[in-house]
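A.B. asks: Given chain A, work out where chain B should sit, using these hints.
Chains as they are written, first to last, in the working numbering: chain A, 635 to 992; chain B, 635 to 992.
Hints should not be assumed to be uniformly reliable.
Taking beta-carbon pairs under 8 Å as the criterion, some of the chain A residues facing chain B (in silico) [to be verified]:
#1 717
#2 740
#3 832
#4 963
FYI, nobody ran anything at the bench for these hints, they're computed from the structure.
Fair warning: this is a prediction, and the values are worked out from it, not measured in the lab.
No residue lacks a Cβ here, since even glycine has one placed at the ideal position from N, Cα and C.
Number of protein chains: 2
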Amino acid sequence: MNFSFAHLESFSKRILEKIGCTEEDASTAARVLLSADIRGVDSHGVARLSGYVRLWEANRINPRPNLRIVHETPSTAVVDGDGGLGLVVAPFAMQVAIDKAKTAGTGWVSVKNSNHYGIAGVHAMEALKHDMIGISLTNASPLVSPTFSKERMLGTNPIAVAIPADKQPPFVLDMATTTAANGKLEILQRKQQEAPLGWIQDREGKPTTSPLGVKNGGALLPLGGDREHGSHKGYGLGSVVDIFSAVLSGANYGPWVPPFVAFLEPHPHPVGEGLGHFFGAMRIDAFRPAEEFKTHMDQWIGRFRQAQPVAGQQQVLIPGDPERELEKQRMQEGIPLLEPVVADLKALGEKFDVEWIA
Amino acid sequence: MNFSFAHLESFSKRILEKIGCTEEDASTAARVLLSADIRGVDSHGVARLSGYVRLWEANRINPRPNLRIVHETPSTAVVDGDGGLGLVVAPFAMQVAIDKAKTAGTGWVSVKNSNHYGIAGVHAMEALKHDMIGISLTNASPLVSPTFSKERMLGTNPIAVAIPADKQPPFVLDMATTTAANGKLEILQRKQQEAPLGWIQDREGKPTTSPLGVKNGGALLPLGGDREHGSHKGYGLGSVVDIFSAVLSGANYGPWVPPFVAFLEPHPHPVGEGLGHFFGAMRIDAFRPAEEFKTHMDQWIGRFRQAQPVAGQQQVLIPGDPERELEKQRMQEGIPLLEPVVADLKALGEKFDVEWIA
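Chain A with its partners taken away, still in its complex shape:
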């Protein structure tokens, strides 16, 4: 069944106000949450709303955080998220990066004491409004095994980069540093289909096609899948995301990152505060005139779209194309939600006395 963006956004906002968020914060958080649904990353959107609420019930989210810069230079800052919703901490920190870029050319912000921030891409895209390149990284609960490891040591640690163009739509890369995102596994689980080899390993570290492999103590594999196909590169990239997000800021890293689910306890001996993010903003005209750059980006994008496709394959895509197509479609036709998600949201509405159907 489909629901309108406006309806789901307003419902999410009212729930977040009920747990104590200010009207402004609830509004920001709902916008960030719904940007995942509208772009097709269903696992990171409104389906997670009740997960955030359960974290709040477990006293692991502060609905009224005192967001502040605890250290800075002309082009850098460290932000303390004060245990707030990542959905609120991230937009604050990205704005600090953008403000730094206005005066210093670039801005780089590492964040501690935060929580899950939704989809990486939406934060990077904030920079586009200012003719800047935006970068957004975050660490996450450990579900990924490095090459040769059977232990889970890293999250799916995404990398997002948003780059403005002129007449062409922007280039927006938003990728987990694993072969496949966790959300794709969830879809296979529901459909009871096998996963391709190279996505997951079982609890002994052996390759498996069972979509339940991760649930049963296995792990997602770094981009590359195995050593022969470069999994040490995916592992290396996920590690850089972890270090920039958490070792630079003072958050928890690697296996110490607190789990998103409220039924799992955080590590008893944390090495930092909460989880971490990293944001960057680079003013285009800190390098060359913005119009000149954007004209060349149009040429870059146009040329790549025209690359000769392999027989029987579709046209070459530019990062961000599939999500933008889906956004157009879902704005018109609404956002499809699965029955269990609808039931979960209805229950949430009843619990907090918020009407599900407006």
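C.D. replies: Just chain B now, with coordinates in the frame of chain A:
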């Protein structure tokens, strides 16, 4: 046969002086070149010396470049390499990034009008001496097909990130954004062995195991190998490297990047000048005290090394471990060169009247 680092460095330096480099530039370039051999990236080291000389003979390298900053802000600069050796342009530009970081917290330099810069990692590692994180990217001759494309549109476009630790050796990621680097294919060609599926495609865009696939008009594949295993992510990362290195600076990008080999002509209608690089330096104490950070890096590295290995597999490695081990070994035992490389260097010595054996 093995040759000492000192011998090969001194030989390379003398050859570079013969083509017109200053003593200082020849010394810098020889050091950068040999850092590839000593770290085991044989394809990017002294084996390429005669390739650079042939480019100079084709008037495609300026041995006396006027390296200069053509645009800057407190944290950024664009450097014009004036057609110089990338081996000389890159250390100059990385130093600009480091100097910017000293005052602004971070420094970011995009470079145009350059040439092949050796291995990415060595430039990033310059930052380590200053308690900074170093980043080094470059575009390169088109050998890689994006997902769904049979045309070659990108180079192997590497990403290098060097991060200091305290008692542990530094974390040094240095990776092509392809499944396998071109140098690995060359080894298979010499041994007449098949390549694993997922490394290359043939000229029709079909997966192939022939190590001659790329030579015969095929292409290297982006990290991930195919769509199902995330090749769109490797393609996206290679694209970001291309855009940061060349669209930001005004160099050639994508299929317009000039080939390294002198027997192939550059594109008749270039979209920029030479090829491009991108460098970053981030002062650790622009985020948190350097000692604190490095202590946590020691803990990060120590914990990852101790991750439970899969039965029958080796211990989990930290990016930079294999290269550092090889460096130790080669400093003692010398650098092994293949017979054709030795013959090529001897011929070069005779041509320029430089003694091969000192």
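A.B. asks: Hint by hint, say whether it matches the structure.
C.D. replies: Cross-check of the supplied hints:
no.	hint	result
1	717	violated (19 Å)
2	740	holds (5 Å)
3	832	holds (5 Å)
4	963	violated (20 Å)
Checked against the numbered hints above, the structure violates hints 1, 4; every other hint is satisfied.
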